[in-house]
Amino acid sequence: MSNRRLAGILGGCIAVIVAVVVIASLPPASMEPDDGEPDENSAFHINVIPETPVQTNGDSVFKYSIAGQHFIFLVTITDEAQESELPVHISATAAGAEVVIYYADIFRGEVAEVVVIPKQASVGKTIKVTITGTRDGASDKKVASFEVAEGEDDRQEYATELLDKFVSWLATNHPELGITEDTAWNGTMVSPVWLVVSHYLFFSEEWEAHISWHIMIPPYDWAKIDLRHRFDELAPSYAFEISSLDANSDPVAMEVPETVWR
Amino acid sequence: MELTRSRTGLLAGISALAVVFTIALTFATLQLPVILGNWLSKYFPDIHPVIEPDRVAEFMVVARPIGYACLAIIAVLIVTGFVTGKKRLSSFGSFAFFLPTFGYFFASMFFLAGLGILRVPFISFWDPNVNLMNFGDISYVPYMALVYPFWLGHIDIREILAWIAIGTGLFIFILGTISWFYGRAQRRKTVDFWIYRYSRHPQYLGFIIWSYGAMLFAAQQPVPMGGSNPGASLPWLLASLLIIWIALAEENKIRKEDSEAYLQYRAHAPFMFRVPSLVSAVLTLPIKLLLKKNRPETGRELVATFAVYATLLILLSSSFVLLDWPPGIGWSDWPGLIPGIPGPIMNL
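Residue numbers (numbering that gives the first Met the number 0), protein chains in the order written: chain G, 0 to 261; chain Y, 0 to 347.
If we strip away everything but chain G, and leave its shape as in the complex, we get:
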C-alpha cells in the first residue's frame, strides 16, 4: 500500500468522523410542535402539572424558581386508548437546567416526578422543559416553561422549624400516615417571588409536604401543611393548619387544597 493511498484512507476516515460529530452537535432541525398538544397518533396522552405559563387576559404568566432549587412537574398518563402491560417511559430535556426524573416508568394511576434544577447561568431566563412519554413506538410530548429569578434559599431554616412542629404532631395524632420524627426529608424553595406568604416543599421517600406560612403579626401568623402521597397522587390528600404560631396553637385539619403548590 502506497503512502498516498494510506493518506487518502486516513483523510477520508477523519473527514467522515468529523462530519458525524458536527452533525450530532447540531440542534435538531425540526422539533415537535411546542403547543402542548399531544401527538395525534399517540396511543396515550401525558398530563403534566403545573401548567406554566398560564394564559391570563392574553398574557403568559410564568411560574418562577431560583438557581439550584427544584421545580417539580408531576406527570401522569391520561386518555389511554387501551391499558398496556408496558409502562410509559418519561424523559425530559431542559436547556440551562439539570433534569432528574423519579419513577420514570409509570402505568395508569402512577405519578412520575420531573425535577428541573436551573443553573446559575439561567438566572433571568426562561427554562423550557420538554417532557416526553414513550411506549412501544408511541409517544406524547408536553412543553412547559418557567422563569428563573435571582435569589437564594433563605427560607430553609424556618421552613424546617415549621416542618418539625407539624411532624411531631402528625407522628402522635396521625400514625396511620407513617410519618415519624425519624422520617428523612429533603427540601426545596418554591415560589421565590411570593413575599407575604412563603412556601417550601419537603420530600420524604413517601410524602411531599408543602409548608406555607403567613408573615404577619399575631393572631394572623398562621402556618399550613398539605401532604401528597408521592408516585400515586396528583393532589394533596391531607392538610392541617396552625392558626397562630405565636399562640403555639395545635394543628387542626383544614380543607385540602385541590392542587399541588408550585
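Rather than coming from a laboratory, the hints here were simulated on the basis of the structure.
A virtual CB, placed ideally from N, CA and C, is assigned to each residue, including glycine.
Any given hint could turn out to be false.
[Claimed, not checked] Covered stretches of chain Y (chain G as the covering partner; in silico rule of three or more C-beta atoms under 8 Å from a C-beta of chain G):
1) 26-33
2) 264-274
3) 286-298
[Claimed, not checked] Label-pair distances were calculated between CB atoms; the ranges are:
4) G:Ser243 with Y:Asp155: 50 to 60 Å
5) G:Met215 with Y:Val60: 46 to 56 Å
6) Y:Leu288 with G:Ile13: 45 to 55 Å
7) Y:Lys252 with G:Ser1: 19 to 29 Å
[Claimed, not checked] On the chain G side, residues computed to face chain Y include the following (Cβ under 7 Å):
8) Met0
9) Ile8
10) Cys12
11) Val15
12) Val17
13) Val19
14) Ala23
15) Ser121
16) Val122
17) Val196
Given chain G, put chain Y in place with the hints provided.
Only chain Y this time, still in chain G's reference frame:
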C-alpha cells in the same frame, strides 16, 4: 497413558488455580474501585455541579490541561509502541486508555470526584453539546440482544451479565497466561495447547471480554443528582481495536520469521474465537474490500484497517447519538423497570 494422566491432572490443577484467581480478581475488579474511591474522595470531594458551578469551573481550570496531557501521553505510548515494534508499550497504552472507565464505579455528582478523577483523560470527550463518549454505543448491541428477551420475561440480568463478562474475561486471561508460561518453561517455540487451541490470543481475548464487562458495569451505575453517566463505550471500542491491531501486528512479525510451526498452528486455531463462517465473512468484508486480501500484512495496511474499522463502528454508533437513544437518563436505566414492579424511590 501415564503421560496423559499426568497432563490431565496438571490441566485440572491449572484450571482450579485459574478459577481461584478468577474469583479473587473479579472481586478485586468490583471492590478495589470502591475502596480506592472512598480514599480518593478525601482529596477530590464531590461537588454539586448546579449548586456550586464556580467550584467546578475552578477545578476544571486545573484538571483540563492535566487531562489533555494524560491523553497525549497515552497516545504517545500507543504510537511509540507501534513505531518501535515494542508492542508492550502499545498494550499498556490501550490499558491506560481504558483504565478511566473504573472512575464510573464511584457514583458522584461531579464526574471527577473520588475515583472519578481517573476520568481526567476523558475530559476531551466529555462535551456537553455532543457527548463523544457515546460514539462507541454500537458495542452495546450484544448486551441489548441478551438483556432484552429476559427483560420481556420480567428477569433482570443486566448486572449479572456484567459480572459474568468480567469473570469470563479474567478466566480466559489467566488460563492463557498460565498456558503461555507453561509453554515457555517447556521451551516450546509455539504455544499451541490447552486454551491456545481455541484462541490464538487468549490473553487479549480475556482483556477484551473483561473490559467489556467493566464497561457494562460502568454504564449501569446510577446517576446522582446533577451528574451524568454517558458510559464509556468509545474508550472500550478503541482500546479493543488497538488490542486487535497489536495481535495482528504480532502475528505478522512471527510470519516474517517464517515459523512453519506457527503457520500450521494458525491454520487450525481461530484468531480470537471461532465464529460461524457467515459472521466471519461479514466481519472481514471491509478488509477484503480495502486490501483485496483476508488480512493486513504490513504496517500501513494495519493502520488503514484500524482507521476504517474505527470509522465504520463510530458511524454505526452515531445512529444512537443522533436518535438520542436510549431515552431518559441513558444506558444506566435501559431498558427500564421490569413491568409491574415499582421503581426505586430516591431522595431529592
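Going back to the hint list, which numbers does this structure go against? 1, 2, 6, 12, 15, 16 and 17
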